[in-house]
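Read top to bottom, the protein sequences are chains A and B. Sequential numbering of the first sequence, starting at -7, is according to the working numbering. Sequential numbering of the second sequence, starting at 391, is according to the working numbering.
By construction, these hints were calculated from the structure, which means they are not laboratory data. Glycine included, C-beta positions come from ideal geometry on N, C-alpha and C. Some hints could be false.
One side only, chain B facing chain A, incomplete, derived with CB under 8 Å [stated by the list, open to error]:
(1) Cys405
(2) Gly436
(3) Lys494
(4) Pro548
(5) Ser550
So you can see what is in the structure, the chains are spelled out below.
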Amino acid sequence: MTQRQDLPQFEDHSKQEHRYTTCYMCACRCGIKVTVEDEKIRFVQGNPDHPVNKGVLCAKGNSAIMKQLSPAKLTQPMLRKAGTERGAGEFEPISWDAALDMLTARLANIRATDPKKLAYFTGRDQMQALTGLWASQFGTINWAAHGGFCSVNMAAAGLYTMGHSFWEFGDPDWENTKYFMMWGVAEDHASNPIKLGLKRIKERGAKFVAVNPVRTGYQAIADEWVSITPGTDGMFALSMLQVLLREGLVDDEFLIRYTNAPQLVINNPGKQGDGLLLRDAEGNPQVWDQHTDGVQSALSPDVAPALLGTYKAPCGTPVRTAFSILMEKYMVPEYSPKAAAKACGIKADDIERIALEMAHVAFKETITIDTEWTDWAGRKQSQFIGRPVSMHAMRGISAHSNGFQTCRAIHLLQVVLGTVDCPGGHLAKPPFPKHIVPPIKPAKGNAPNTPLESAPLGFPTQPEDLVIDENGKPRRIDKAYSWDAPIANHGLMHMVISNAVAGDPYPIDTLMLFMANMAWNSSMNTAQTMDMLRAKDDKGDYKIPFIVTCDAFHSETVNFSDLVLPDTTFLERYDTISMLDRPISEVDAACDSIRQPILAIDRDVRSWQEVMVDIAGRLKFPAFTNEEGEPKYAGYEDFIVNFERAPGIGFLAGWRGKDGEKSLRGEPNPNQWQAYKDNQCFFKFELEPNQRYMRHANKDYMELAKEAGWVGTTDQIVIEIYSETMQKFRLAGQGLYDGPQPTEEHHKERLKTYFDPLPFYYPPLEQQRTDATEYPFYAVNQRPMFMYHSWDSQNSWLRQIMSQNYLYMHRSKGEALGIKDFGWAWVESHNGRIRAQVKLMEGVNPETVWTWNAIGKQQGAWGLSDDANESQQGFLMNHLINELLPGESEAGGQRMTNSDPITGQAAWYDLRVKITPVSDEDNELAGQNLSWPRFDKVQPLPNYTPASKMSSYSSHPNVNLRRGWRDIFSRGEK
Amino acid sequence: MKLGLVVDLDTCVGCHACGTACKQWNTSGTIGPLSDERPYEKDPSGSWLNRIRTYEVGDSPHSKTVNMPMSCMHCEDAACVTVCPTGASYKREEDGIVLIDQDKCMGCNLCSWACPYGARELDPNSGTMKKCTLCVDRIYDEQLPEAERQPACVLTCPTSSRVFGDFDDPDSEVSKLTRERAGQQLMPELGYNPVNTYLPPRNPKQQDQIQVSAMQGVKQLVNRIINR
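Between the sequences and the hints, there should be enough to build the whole structure, so can you do that?
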């Protein structure tokens, strides 16, 4: 369009400025271009040049103005008023100096005596590289972020199988895939990139199959919706695997060259070493070489390994290939499509057909890219061969206590079809893939005034790596890396409050929370969690003596804090989205980005990044202190520029070197922030065409990855369909391990049962202990797209789209129970009951009910009025879920965590419920049209100003486009 | 010119990005501000120019979920314009955009009753009627980069399910899409001749398009000589 003379000047561009930064309303981290005028936001739009979102922006990003204007913003540091009870919500303002003096004194004392008495847990932040470094410099092993209650099953299963995973670790090859299967993805992870990708595949006519009990969002546009029964995806995947194995539809070349499928496994049932890989004197795994008809190193390029077979090793040990074990395991009636149909609620014919469709696309619609590349052994290859089947899976898989093995099962399908990091398949994103697994072990202990010897979180590969004491008891407050959850790579944040209050394994002094709403929707069992936060011992002291919360908004957790440190909004601070952390890379480029302040801070708040660096200096952490014992960094910006994790490797990979001429590795560049600002706040390092596929075995790529510090060696990453790590733990459970072994029977049982070196299906733990007749429905939840991951602020535009959640159930079931649309019902689990308003729908697995999560709020929180729908009709499903498994205590009186037995992932979606209509008497009792349970009102904070009853935001006086009188009089006729 | 939108129901996932992008741009745009009543209280309610409805069509098992963004259709025979007693509502001759002169609107609501698409909303603060302007304050603004001279909803749509253009130009993308994908007017029987069109969902990829029978009973897994 061109400028029309008859139009007024709507915008005064001379008064407007464009500033780039990175969105932070979810973990997608899109690039945004913000138009600012008179220090007010005119417009937030997607940055067209940005690798993540390519110019588009979601509903949240488009509502950033209202996040910035939220009346729930904290304005000053606050201290719980002396003499008042925790949770009563009575605070008094305190200066930053006084707050930090108080906190530093307390932390210094903890650090000098018993550093693990500080438990520092962070929510959906994206600065774990900094907070983890901080914790390890403090010397506490009790640190983790929210991954344990989010998606650690996905991260762990991927890293222990292929060296990468979904989302931040890898993406479907949207440009080339011809068959895309999406498992358990609600509206989440990742937001805009998935939407961009779905558009691409729909345009190209690729088939899109969505596996999900609920047909909302992405499932609505799928070519085929598979309305699976929650928690049975592993059975579905392995049943499809049986079909593929039965028909010989496996990529044997891929399996032999790139996986441990042909490696020889010791077959000595009941004896030490059973199930471990046969290794030579150098420790190399072995294969049966068909050229020499004997045992050879599996790592040699010159062997022709047998994929199937039972042999005798030279030492006489009976061995068989890993793939032979796999055949034996899955070619059984238990995994037949007929059996799976019953468990999964999917027709056997459909299971057969989908498996064969994928095989057809993988093997009959193969694509090739004619680019010469060098494989791991230095051999030139003339092309990349693509098997264009791709998958994406997320929380619907992850948030079950069988999620680790289910995710492994999905990866196994990908591997058997040869669709890993090939054109059209599932592609890794730098710095992934990593070797299986990264050589970082979790720190085991701490000492006063001493940094940890390694990071608090790492990757165990054997029982020796567990963080347990000499009696086999957990050392961490969340019991991560104990026999309860040996591979708890992200910790178990959902257990911290419960364990600390129980003093199990020990009491703590201070709980420090950042960006986590643990007194509300981020905890299971919310009402009892509130009681725990208030719980006192016999002497009248709080069982958790001191709670520090850093948040930007007035959350329910702020209400339960002793010290509140107010954070900035994302538009008011510097930040890094680092490759050391949770990277934003694309499949063909290594990327990172920054945030810069777009608006000036207008309240007495500080960014948590700045506060972290400040406290680190005050506490004289070695990495933050110079030789004179003075703070080494002037602040966060200075720290980011000058801190090096290894020589030349820092938080930001772009414009390194003293003149900014180096990428990925180089000495600090004093002008690095400016370089990012000059480049729209992101850095993108594109891979060469020969580095873009088969990276687990691609020398051209691995050499770059080693130089960049992403991997430690250029050795081939051999995909582990058979997990020797799992088998070591299983041997420990069997009493056959030459190393630490559990003493308690229930631990032994868990290891024997669940640490299977090959993925398998088992019903989720809670469901194993719940009477399905009494509680006939599965219950799950999801976030709406326009609130996905938006953990704060109660945005006034977005809450107009939804301010109340409903319990959704299938129309036929509602009718059978006599519950009408918009009727009220009791929803009851083993843990308690809630009252919720019901909506009936068609697009849901009939055995399943569900709701939108985290819509319900506590009255008085989040700057909402007392009558807000969120607190009156909205509800949380959390009340129905316990952080401990139901039923009898285990031997020794211990109730086990309601989590994946391997990773400790919170099992949010294992819930079963019964539903009964609300009677008139119930209504008399509890009030009309109100959700239940109800809670005391959260008191307003000091100096809180309620929002006005009318909001008319505009960044400038609006310029009306007037209709001329001539046009009016002629009624538009000329 | 006949400016309007094509909305692709095959790929709309109902994310509401277009709705809030519209709200964001236009609250400071020519038709703004778009006020919100009780923004932090019970039943918050404001004026929006683009709302996204999600429906289920049909009963199980023949049921489908459809996400349906709705904004002004910029009808060729716009009843909202005809009924306006003050002349505030008009359809621009040069490009067909239906607009409301805020200085002349008295908030009588006649136009919103006349509109069968629910495209007009009374602003709770100004008391005047608000509606989609096709971002008339963006599309002609030469100070914006050319690629950004688009309605805010089109710019932001993460699945590119919204396309803006001139329906009078047979070679425009909106004309081509409407032709090739059988774009439909909404409720054409009412006779207002809406300009915007909706692309119906594509037929799901047919199951027999993938020859699964060819995959059965062909192969057995045996050891082959394959060098690492």
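Right, here's what the structure says about each hint:
1. A hinted interface residue such as Cys405/B counts as satisfied when its beta carbon comes closer than 8 Å to some beta carbon of chain A; here the least separation is about 4 Å, so the hint holds.
2. Interface restraint check for Gly436/B: the shortest CB-CB distance to chain A comes to about 6 Å, inside 8 Å, so the restraint holds.
3. At its closest, the beta carbon of Lys494/B sits 7 Å from a beta carbon of chain A; the interface hint therefore holds under the 8 Å criterion.
4. Given hint, Pro548/B at the interface with chain A, holds; its Cβ is 4 Å from that chain's nearest Cβ, closer than 8 Å.
5. Interface restraint check: Ser550/B against chain A, minimum CB-CB distance 5 Å, threshold 8 Å, status holds.
In this structure, every one of the numbered hints holds.
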